[in-house]
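**Student:** Construct the complete structure from the given sequences, taking the supplied hints into account.
2 protein chains.
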Amino acid sequence: MDPDEFRRRGYEMVDWVADYLANVAEYPVNSHVEPGAIRDALPAAAPEHPEPFVDVMRDLDGIIMPGVTHWQSPSWFAYFPANSSGPSLLGEMAAAGLGVQGMLWSTSPAATELETVVVDWFVDLLGLPEEWKTTGPGGGVIQMSASDSSLVALVTAREVATQHAPLDKLVVYASDQTHSSVEKGARIAGFSHVRIIPTDAEYAMDPGALASQIAADRADGLHPAFVAISIGTTATTAVDPVRAIATIARENDMWAHVDAAYAGSAMICPEFRRHQDGLELVDSYTFNPHKWMFTNFDCNLYYVADRRPLLDAMSILPPYLRNEATLSGKVIDYRDWHVPLGRRFRSLKLWFVLRHYGAEGIRYHIREHIQLTQDLAMRLNNDPRFEVVAPHPFGLVVFRHVDGNEATTDLANRLNASGRVAVTPTTLGEQSAIRVSIGQTTTSSTHVNALWEMIDNAGDGTDI
Amino acid sequence: MDPDEFRRRGYEMVDWVADYLANVAEYPVNSHVEPGAIRDALPAAAPEHPEPFVDVMRDLDGIIMPGVTHWQSPSWFAYFPANSSGPSLLGEMAAAGLGVQGMLWSTSPAATELETVVVDWFVDLLGLPEEWKTTGPGGGVIQMSASDSSLVALVTAREVATQHAPLDKLVVYASDQTHSSVEKGARIAGFSHVRIIPTDAEYAMDPGALASQIAADRADGLHPAFVAISIGTTATTAVDPVRAIATIARENDMWAHVDAAYAGSAMICPEFRRHQDGLELVDSYTFNPHKWMFTNFDCNLYYVADRRPLLDAMSILPPYLRNEATLSGKVIDYRDWHVPLGRRFRSLKLWFVLRHYGAEGIRYHIREHIQLTQDLAMRLNNDPRFEVVAPHPFGLVVFRHVDGNEATTDLANRLNASGRVAVTPTTLGEQSAIRVSIGQTTTSSTHVNALWEMIDNAGDGTDI
Numbered sequence: 001m002d003p004d005e006f007r008r009r010g011y012e013m014v015d016w017v018a019d020y021l022a023n024v025a026e027y028p029v030n031s032h033v034e035p036g037a038i039r040d041a042l043p044a045a046a047p048e049h050p051e052p053f054v055d056v057m058r059d060l061d062g063i064i065m066p067g068v069t070h071w072q073s074p075s076w077f078a079y080f081p082a083n084s085s086g087p088s089l090l091g092e093m094a095a096a097g098l099g100v101q102g103m104l105w106s107t108s109p110a111a112t113e114l115e116t117v118v119v120d121w122f123v124d125l126l127g128l129p130e131e132w133k134t135t136g137p138g139g140g141v142i143q144m145s146a147s148d149s150s151l152v153a154l155v156t157a158r159e160v161a162t163q164h165a166p167l168d169k170l171v172v173y174a175s176d177q178t179h180s181s182v183e184k185g186a187r188i189a190g191f192s193h194v195r196i197i198p199t200d201a202e203y204a205m206d207p208g209a210l211a212s213q214i215a216a217d218r219a220d221g222l223h224p225a226f227v228a229i230s231i232g233t234t235a236t237t238a239v240d241p242v243r244a245i246a247t248i249a250r251e252n253d254m255w256a257h258v259d260a261a262y263a264g265s266a267m268i269c270p271e272f273r274r275h276q277d278g279l280e281l282v283d284s285y286t287f288n289p290h291k292w293m294f295t296n297f298d299c300n301l302y303y304v305a306d307r308r309p310l311l312d313a314m315s316i317l318p319p320y321l322r323n324e325a326t327l328s329g330k331v332i333d334y335r336d337w338h339v340p341l342g343r344r345f346r347s348l349k350l351w352f353v354l355r356h357y358g359a360e361g362i363r364y365h366i367r368e369h370i371q372l373t374q375d376l377a378m379r380l381n382n383d384p385r386f387e388v389v390a391p392h393p394f395g396l397v398v399f400r401h402v403d404g405n406e407a408t409t410d411l412a413n414r415l416n417a418s419g420r421v422a423v424t425p426t427t428l429g430e431q432s433a434i435r436v437s438i439g440q441t442t443t444s445s446t447h448v449n450a451l452w453e454m455i456d457n458a459g460d461g462t463d464i
Numbered sequence: 001m002d003p004d005e006f007r008r009r010g011y012e013m014v015d016w017v018a019d020y021l022a023n024v025a026e027y028p029v030n031s032h033v034e035p036g037a038i039r040d041a042l043p044a045a046a047p048e049h050p051e052p053f054v055d056v057m058r059d060l061d062g063i064i065m066p067g068v069t070h071w072q073s074p075s076w077f078a079y080f081p082a083n084s085s086g087p088s089l090l091g092e093m094a095a096a097g098l099g100v101q102g103m104l105w106s107t108s109p110a111a112t113e114l115e116t117v118v119v120d121w122f123v124d125l126l127g128l129p130e131e132w133k134t135t136g137p138g139g140g141v142i143q144m145s146a147s148d149s150s151l152v153a154l155v156t157a158r159e160v161a162t163q164h165a166p167l168d169k170l171v172v173y174a175s176d177q178t179h180s181s182v183e184k185g186a187r188i189a190g191f192s193h194v195r196i197i198p199t200d201a202e203y204a205m206d207p208g209a210l211a212s213q214i215a216a217d218r219a220d221g222l223h224p225a226f227v228a229i230s231i232g233t234t235a236t237t238a239v240d241p242v243r244a245i246a247t248i249a250r251e252n253d254m255w256a257h258v259d260a261a262y263a264g265s266a267m268i269c270p271e272f273r274r275h276q277d278g279l280e281l282v283d284s285y286t287f288n289p290h291k292w293m294f295t296n297f298d299c300n301l302y303y304v305a306d307r308r309p310l311l312d313a314m315s316i317l318p319p320y321l322r323n324e325a326t327l328s329g330k331v332i333d334y335r336d337w338h339v340p341l342g343r344r345f346r347s348l349k350l351w352f353v354l355r356h357y358g359a360e361g362i363r364y365h366i367r368e369h370i371q372l373t374q375d376l377a378m379r380l381n382n383d384p385r386f387e388v389v390a391p392h393p394f395g396l397v398v399f400r401h402v403d404g405n406e407a408t409t410d411l412a413n414r415l416n417a418s419g420r421v422a423v424t425p426t427t428l429g430e431q432s433a434i435r436v437s438i439g440q441t442t443t444s445s446t447h448v449n450a451l452w453e454m455i456d457n458a459g460d461g462t463d464i
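Protein chains in written order, with the numbering used here: chain A, 1 to 464; chain B, 1 to 464.
Since the hints were derived computationally from the structure, they do not count as laboratory data. All residues carry an ideal CB built from backbone N, CA and C; glycine is no exception.
Taking CB as the label site, the calculated pair distances span:
hint, chain 1, residue 1, chain 2, residue 2, range
1, A, ASN405, B, ASP19, 58 to 64 Å
2, A, PRO270, B, GLN163, 48 to 54 Å
3, A, GLU280, B, PRO166, 37 to 43 Å
4, B, PRO166, A, GLN374, 49 to 55 Å
5, B, PRO166, A, PRO384, 54 to 60 Å
SDA-like cross-link-like pairs, simulated, lysine to any residue; straight-line CA separation at most 25 Å:
hint, chain 1, residue 1, chain 2, residue 2
6, B, LYS330, A, ALA45
7, B, LYS169, A, HIS193
8, B, LYS169, A, MET314
9, A, LYS330, A, LEU317
10, B, LYS133, A, HIS49
**Tutor:** Set out below in structure tokens:
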């Protein structure tokens, strides 16, 4: 396809995306295809001969779209948002068009340097410790997902700790609300001991229980090595007491890693920063602009307070990657900051987003989402049929039907089956509950009011 | 940015990309900015207020572009290609626009099912073992990079082997030409023993040396667990003897993993499949459509012969990810096939590429690249000033100046400093050498002839 044909088809695709975004509110939010339906509609073998582009677009609409779940719908209240925006899509197009591989500074200096600038900007934007800037001992890097960042944190912590104790003596600590990626990362990194610390009535890790478990493990000859601290858990957006846990970690020479994958975006508003008090005591931190900052997946930020142990754990320099710039020590090679070698020019879309919205624009939307969430929580709290089951400091409210698990699950299923909204049925301990996450780019009071009406009707058993 | 503004800006961005691709041959291939130049040209803080889109585009051209190295240039002969194409970029736009999160089947069924169809197509396209299809005991998945796939293979192998021996007794084997991602992956997975097996005169792993090392390790009470087999090494595209090594691995109950990251694309042409003879004996395999199959980064395929140990190693199911489809066992949840939880709709761009080119179109371009490489190798071989230092079965030729290391390095530096081409200076053992990789989408005989003329002139010490 030559550049001129790409130009024509590109306009068509921009129209397709623009029309999709203009009409996404009209689609059934969850796809209701049966397992295997899309697979069965596609041929069993790849095409031998070239096919006209119109046929591809026809099948995109006819075969693929019925199987798409509409994460960009303003009535997307499921999981967490994976929101997006025009400037992000445009930055993504530019990055794909350039097609550079930013594995080393020298393989495209702008890809590295824009990334450095943007991750340093975020230190100020989110009120993170100044030492995490690249100009200090720390630094940030863009990765694919918070799972990748937690894995890197775990591996770095393991390398530090195995200087004092063998791997099979090391212990990882997480709460019963910590994201599953920490347990998965611990398994991948080869840890054999993962302790699950109980949480309090607000689903925050109990520092006293952590300290006791650490003491018990020490008494058993084990070596506490890593603790995961959540700012905004997946189940309820609970906030662990960062300062208390990080202090315990310091006293015990452990690595403290903060997972703020979802809630990190809220820290662009100073009024929420009390939830991250104590960050100057932690070793690493991660948050996802691709969740709630108008930047399409994938875009994850990972910071360390001290980059040396990270580089010690991740650097390998074979002959085919040696180059003058790397050997000079004057540049950053971000391949040494994570697992993969190859890297997209991901900072470009984040830069487009920051410049289009400005910090004040992002704050405006985040605050609006949080306000809509608080309003919905109040309605639920004021209604005797429903019960809000956890604090809701950000854009998520979790509630249940007072009639119990069956009524709650039934309500969630009816909401999802309507095609008009998507929510996430879950369980908290023994209780069924419904997660409503408000953070899609175009979600407004209209959509939240419509959701409330459906809950209100369904809660009575009447049609939604 | 509402859909109408996105439409307008989207046309502008399509024009920008189309113009870039039309003119990319005119840019100096390597960026020659000084370290820090791009960083210094950008503000120290993020914008507080929204900025006009024209300002962003102005800075993209004025600040970012001088720091871009042009991987999409037809005169890109460095590293390996990271080639791309119109249909790939269009598929990427569609995927970004939809913005779905394909972590579970239920979170967007089409994202999972198209991926299954496409990875199964590739089993036939590349002549891989039929058992690797999802309908058999194996299966494929799309990941970000070959580093990620090698890590997953190493972790799975570790989980299998630790049923028989402790981690600190396990041994990983690779050749002195194996990609650095295997050593890095072994370190991340916590292996403490990595044996580097010597290669023969053609840079292929010596199976006899492997067998001897395994026997010696067994005699020392260690437990051989994993061997990496390369089809197309990074330094020279050498091919390890798959059948011989995989047979040794089977005899020793070891995991055999094939890294065909670059050369896998060539297997779409049946005449190159002799290089992968023995694949039915291996446990896992990876190749990168994002290198040499007209699919923009990132897009890596990972196959296993038996998916059970992979799923045993990678599955974790917290309450917020439980859903009817997953519990029914009728669907695939690809998050259980790799490290990260979130996933892009990457199969879309690969599907666009396959339909646009058809298998025959891809074969045509791959064969052309390989022919151009063979022609250049012949010219170098026929010229007494140069020496081709390794076999060149695919699209890479590695050569040196007969006057020695200094003359070779000087030649590479002069080629790169010209701005008209990019090549990779490297070392093979004690010898300096130059890698010329021919595989960019638009590279033709014109560009390779121009490169040869430059080598010809520079080889004499005259101006290039």
